[in-house]
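Enquirer: For reference, the chains in residue letters:
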Amino acid sequence: MAAELHVELVAADRSVWSGEATLVVARTTSGDIGVMPGHQPLLGVLESGPVTIRTSEGNTVVAAVHGGFISFADNKLSLLAEIAELADEIDVQRAERALERAKSEADAASERRAEVRLRAVAGH
Amino acid sequence: MGAQLRVYKRRIRSVTATKKITKAMEMISASRIVKAQRQVAASTPYATELTRAVTAVATGSNTKHPLTTEAEAPARAAVLLLTSDRGLAGGYSSNAIKAADRLTERLRGEGKEVDTYIVGRKGVAYYNFRERKIADSWTGFTDRPSYADAKAIAAPLIEAVSTETAEGGVDELHIIYTEFVSMMTQNPVENRMLPLSLEEAAEESGTKGEILPLFDFEPSAEDVLDALLPRYVESRIYNALLQAAASEHAARRRAMKAATDNAGELVKSLTRLANAARQAEITQEISEIVGGASALADATAGSDK
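In the order they appear, the protein sequences are chains A and B. For the first sequence, numbering that gives the first Met the number 0 assigns the number 0 to the initial residue and increments by one for each residue that follows. For the second sequence, numbering that gives the first Met the number 0 assigns the number 0 to the initial residue and increments by one for each residue that follows.
You can trust all of the hints, since none of them are fake.
A few chain A residues facing chain B, derived, Cβ under 10 Å:
hint, residue
1, Ser17
2, Thr27
3, Ile82
Chain B stretches covered by chain A per the calculated footprint, using a threshold of three residues with CB under 8 Å from any CB of chain A:
hint, segment
4, 37-47
5, 220-227
These are computed hints drawn from the structure, not numbers from a lab. Built from N, CA and C at the ideal position, the CB exists for glycine as well.
Start from the sequences and build out the full structure, keeping to the hints where you can.
Expert: Here it is in structure tokens:
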């Protein structure tokens, strides 16, 4: 059996996903980072972006994460985000509407959020 | 029906209607306590992970941050008071306000100026009525706080703490909220939230004594701490808001239960009085009839002679 790491993806008001994984890719402020079991202890600031988790069963879980932190120690990875949604939970039409609205209102922050959501769904 | 009896009947009807309302409010609050407690539980993983991360940065590097440095001579303190938006919750809001008054008194005694920040309409009304100054206030969400609310509250507070005291900033941040101990017990507590004591944070997360690994910080320890601490403060405020909401519902449930019980008692004693009044009325009618009949009998007997 391949080495595994335990992942906890938690949002401010709930626990979004937890389980075993073989690879987690997230976007930090200095670029994408991939974490595999046995990685050196790490604490980083996340950018708004999709997080990809390859589970030990071979499935891929994609989540849209808006700001937060990644911390890895003792083969336990925590992804903390103020807002985090799994790709399955994202309402595509709503995100598209939000994107259009954000573009017309020139609201950069919500435009970015909507884009991240759509990309998470597309990458699923 | 006699006048007396009619008055009793009317009062019984009105009390019964009130009882129905208080009973409904009691049940609504009871169900909301459970919801609020669930929210507290749901926010715990985030809070624990965040505390761990803060402890890790604090122990893993010698980074200084305005939110963790004690001012040498604190001259101004901010007090954040959490009250409720609605009344009918017994002493919930007034207990919190009393605790805030005591704290303000103490801080003034230590020679600090106090800026008051208030959450909840009850607290705002109390301060406005007494024409006390409020630095900032938020209302409309005390029974169902969301994380966005906590963020909105935290932003100006963090800014005030980061600002130099001479330019109108504050040196300390105290928070007063009602801690949810159990269904029956809720205590107003005061906490000094900022400057943050990292030892306390470590104790809370249960990581004291545990050796934390040497972390690799991405992009740097300073940047990570910069991003972490405001989130940590937000999460603490969020937790306080959630506990306060649970306490508010518990206090309201208790107050409404007492009101329902009292209404029940009142209906019972009014029913007794109404029964007595009805009985008195019947007795009087009987004696009138008997009196009338015997008067008639006397009259006929007299005319026979």
